[in-house]
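Listed below are the residues making up each chain.
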Amino acid sequence: MITVTCPNCRVENSALSRRCISCSSELIIDGHVRCDNCRALTPQKLEFCELCGSYLFTVDNLGDHEEDHSHQKDSPRPPLASATPSLTDSPGDDSQRRDVRDQVAKDKHESDPGQIRDASAKPEDSLVPGWLLDVDAALKTSGTADLPDDASETSVDAAGTGTGVTGAASAGATQAAQSRIPESPQSSEEGSESLEWIDALEGDLGETSAEPGEPEEGETPSDRDQLGSSGEKTKPATAPLVGLVVSETLRRTTQPLDAQGNLLGVPQQLAGTDLPSWLSDQLQHADEPRDDPTIDDIELPEPTRATILSPGEPEDEEESSPFDASVLDPSFEKWLQEFTEEPISPDWMDDDDVQIDQPSTGEVVLPGAETPEWLHDIHEEEGETAELLGITEVVEATGKLAGITGAIQIEPAIAPSVVDSPFPDYSISKEQLVKIALLEGIIHAEPVKRKRMAVEPPPSSPVLLRVLLAGALILVIILAAVIPSSTEWIDSFTSTGVSGPAQDLYDQLEDASGAPVLVAFDYTPAMAGELNPISLTLLEQLAENGSIALTVSQSAAGSEVASIVTEEVENLEWMPIGYLPGEAIGLRSLAECIAGAENCETLFGKALPPEIQENLAETAAVLILTSESDSLIDWIEQVGAPNEDAVLLAGVTQALGPVVNPYYVSDQLMGVLIGLPDLAAYEQVLLGIESDDSINISSTALVIWMTAAFLLAGLIYYAITGLRNSRSE
Amino acid sequence: MFAQENINEISGLIVGFLLTIFIYSYVVKDNPMYRLAVHILVGVSAGFAGVVVVNQVLIPVGKSIISQDDNMQLVLWIIPIILAVLLLAKLFPRFAWIGNSSMAVLIAVGSAVGLVGAILGTLIPQITATYESGLVTIIVAILTVCVLAYFHFTGRLTNENDVELPAWYQYVSLTGKFVMTIALAGVFAGLFSTTLVLLSERFGFYFESFRTIFTG
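One line per chain: the protein sequences are E and S, in this order.
If you count the first sequence from 1, position 151 lands on 150 in numbering that gives the first Met the number 0, and the numbers rise without skipping.
If you count the second sequence from 1, position 174 lands on 173 in numbering that gives the first Met the number 0, and the numbers rise without skipping.
Think of the hints as simulated: they come from the structure by calculation, not from any bench.
Fair warning: this is a prediction, and the values are worked out from it, not measured in the lab.
Incorrect hints may appear among the rest.
Below, a list of computed lysine-lysine pairs in the DSBU-like style, where the Cα atoms sit at most 30 Å apart [as the list claims (entries may be wrong)]:
| # | chain 1 | residue 1 | chain 2 | residue 2 |
| --- | --- | --- | --- | --- |
| 1 | E | Lys605 | S | Lys89 |
| 2 | E | Lys448 | S | Lys28 |
| 3 | S | Lys89 | S | Lys62 |
| 4 | E | Lys448 | E | Lys434 |
Listed next, the stretches of chain E that the computed footprint assigns to chain S, with coverage defined by at least 3 CB atoms under 8 Å from CB atoms of chain S [unchecked claim]:
| # | segment |
| --- | --- |
| 5 | 513-522 |
| 6 | 577-588 |
| 7 | 604-614 |
| 8 | 664-677 |
Every residue gets a Cβ at the ideal spot worked out from N, C-alpha and C, and that includes glycine.
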């Protein structure tokens with residue numbers, strides 16, 4: 000790797016570096032500086048990099064800007080790869096230049112804190128020599144200036160070769176350099192402006208750094224003796240002028256050497272030292288054309304594709320990548336080899352104590368440094384303290400810090416170890432148990448959603464069995480109707496006696512002969528099959544007795560049934576009251592009419608004819624024909640109870656038999672006719688009538704006997720199977 | 000004329016017979032014909048009741064109000080008429096609250112009348128009659144109490160979370176259960192007998208009718 004020695008602090012830097020890593024002074028390689036962006040070498044005079052076009056912040060550029068600021072407007076930035084170096088070019092931002100200038104001054108101050116500079120110091124108090132100020136004044140007035148005798152030995156390399164005088168004055172400044180000063184109008188203008196910024200610096204300018212030229216072989220700098228016995232390289236006192244490139248005018252006019260031939264600004268420690276031979280030779284032969292190849296002599300390779308091509312431009316397929324080593328330009332390759340060759344270091348650099356590593360390509364090698372003793376003392380104290388505290392230092396075994404003790408363990412800080420903690424034991428309280436039980440109950444109590452399925456009737460007896468039973472019933476009925484003699488044997492098993500209630504009914508109706516009888520038809524046509532025969536029989540008895548039948552009904556259909564039935568009875572005198580609404584309330588109002596005719600002009604809002612009113616008031620009996628228990632009870636409660644003298648008679652279906660008996664026993668009903676069997680006996684015994692209903696009675700009896708047999712058979716069968724199942728379980 | 004009456008009678012007979020068959024088809028299972036017959040029965044009954052109410056209640060009441068000479072009677076009719084009109088609001092759910100007063104009157108009066116009738120017409124007479132009947136009455140009373148005791152289902156909670164009744168109470172409850180079974184069986188028998196009578200009467204009627212028609 001090619002390295003460059005910093006002229007200020009003598010620290011070896013990478014050739015690709017722009018500034019010294021130690022003192023931040025600018026590294027100039029044959030009048031070229033490195034671009035911070037692309038690391039390409041660009042002439043120092045240029046303000047923009049030739050390769051990438053980035054702006055090069057240098058002191059020279061700052062001075063040029065100051066000089067040309069009055070003449071230049073906002074000039075556009077030169078295009079890439081075609082930048083024409085011109086001192087008149089200047090960037091448009093003055094603030095950046097000031098910032099850089101300040102930064103440079105700051106760096107210089109920091110690099111040499113021992114040297115106190117007074118920014119407010121007057122020029123005469125600064126390091127600027129007085130002869131320089133005189134020259135400045137002369138230039139301003141006449142445009143010419145004679146250098147003092149002291150400056151004769153100085154030489155200023157102002158041949159325009161691009162190699163700036165980096166602070167250290169070239170020995171043996173020639174008359175040619177002096178004559179050139181006033182002839183160049185540009186320089187005169189520059190001189191006046193440059194001195195202005197010099198005044199502004201006031202002491203910031205000190206010694207300029209040494210030209211980073213390569214000393215001759217074998218020659219060691221005399222100031223090497225100033226180095227410590229340990230071979231440590233100390234930063235020379237000229238560090239304040241790190242990276243400061245003096246303008247061309249200043250180079251011509253500045254006499255970096257004092258009267259004694261010493262460098263200006265050189266600390267007293269080194270004031271009496273002789274310049275190194277190689278440096279003095281440099282200064283002497285500053286005007287001589289140099290045979291050393293300069294950067295201009297070398298044909299630089301074409302700019303890299305990456306820096307020239309703007310985004311979006313198609314790449315030329317023929318061009319190869321500059322990073323492809325197999326297609327490198329030979330000249331470029333040769334030039335690059337010069338930097339990759341092992342540098343020829345001066346003899347004074349070949350110190351066994353100072354070991355400079357030759358790292359691999361691309362790495363920056365820092366010279367080894369030894370820890371000062373005071374740091375060791377502190378470290379020992381820390382070690383003792385750690386021993387007292389029981390702290391053991393870990394010696395790093397790997398990485399860059401191998402072999403170093405006391406290094407901060409970064410891993411625990413950035414990646415703390417995760418301790419897997421086991422799950423804590425959990426416990427359930429009593430309350431939680433209760434809640435759990437409740438939730439489980441709710442969950443289990445939820446009905447399971449079932450899929451919709453066709454609605455089917457629950458399983459029942461087989462259809463065939465039901466059909467057979469129904470057919471048998473119908474057959475018996477038809478048989479009895481077709482063959483009446485088939486039911487004669489039933490008569491021997493049926494009772495022909497009249498029941499007591501029936502007898503009482505007969506007697507009551509006989510007692511009510513010639514008197515109005517209130518007949519209530521509280522049944523619908525659906526029950527007409529059983530109650531119509533009863534109604535007809537009783538009405539015929541009333542007709543025979545000469546009683547007047549007052550028909551009334553609590554159902555709308557019953558009133559029509561009443562009209563139909565009464566029309567079938569011959570010689571019956573009857574009066575329709577009609578439909579009685581209100582159920583119990585209506586019967587209550589009717590009961591008032593039965594109690595007295597004077598309160599019965601209207602019945603439930605309906606006006607009653609006078610004859611009906613009179614008949615109601617003279618009602619001897621109330622005959623209730625109904626199939627519903629509620630209706631019968633209402634009649635008993637609402638009509639019978641308020642009127643203790645009222646005679647209530649009932650003709651009901653066989654289903655109301657159990658309901659009627661308690662009221663008959665309690666004498667709330669004076670007579671009851673229950674169903675067709677009672678009717679048959681009533682007709683045959685009491686009335687002496689052989690009606691057509693006998694056939695129905697016989698068939699009904701036969702059906703009832705057959706049904707009873709079926710029920711009995713089923714009872715026996717299921718009882719046996721049930722017992723078997725219970726035993727098997 | 001005679002033929003017209005015969006046709007009307009025959010058609011009525013046939014329709015009646017068909018409806019009877021439709022109702023009887025429920026023996027097999029529920030079917031649309033059965034439902035049709037039931038719907039016809041309900042519809043005709045409701046329609047007939049409406050006609051009867053209009054003809055035998057509303058119209059005569061209206062005529063009576065109109066022909067009323069006594070102003071006092073007319074004033075008394077205002078309240079029932081207003082209540083009847085408010086009761087019509089029950090047909091509309093949004094305005095059903097308007098008829099609440101009429102319903103309150105109906106329920107209150109009906110409950111009062113029924114309560115009085117139940118007490119004076121059933122409870123007191125029945126109790127009195129039982130008291131005067133002698134030994135049989137006592138037995139009947141005891142059995143009645145046993146039946147009522149059967150409907151008591153509260154008891155002592157055991158350790159196994161079971162309801163336990165006293166032993167004697169269990170026998171009383173069992174007796175009541177037995178008596179109730181017999182009573183319900185008797186009711187069922189009577190009801191079943193009534194239905195059989197109706198069945199025989201209907202089929203006998205149709206049989207005789209068709210035989211008369213076809214045989215003359």
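Against the structure, the hints come out as follows:
The straight-line distance between the Cα atoms of lysine 605(E) and lysine 89(S) is roughly 25 Å, inside the 30 Å bound, and the hint therefore holds. Distance hint between lysine 448(E) and lysine 28(S) is fulfilled; the C-alpha atoms sit about 28 Å from each other, no more than 30 Å. Between lysine 89(S) and lysine 62(S), the direct Cα distance comes to roughly 26 Å. Compliance with the 30 Å bound is thereby established for this hinted pair. For the hint pairing lysine 448(E) with lysine 434(E), the CA-to-CA distance comes to about 25 Å; that is within 30 Å, so the pair holds.
With a cut-off of 8 Å between beta carbons, the segment 513-522 of chain E has 0 residues touching chain S; three or more are needed, and the interface restraint is violated. By the rule of at least three residues with a Cβ nearer than 8 Å to a Cβ of chain S, the coverage given for the segment 577-588 of chain E holds, with 7 such residues. For the segment 604-614 of chain E, the proposed coverage by chain S is satisfied: 3 residues have a C-beta within less than 8 Å of a C-beta in that chain, meeting the threshold of three. Under the rule that three or more residues need a Cβ within less than 8 Å of chain S, the assignment of the segment 664-677 of chain E holds, with 6 such residues.
Hint 5 from the earlier list is the only one contradicted by this structure; the remaining hints agree with it.
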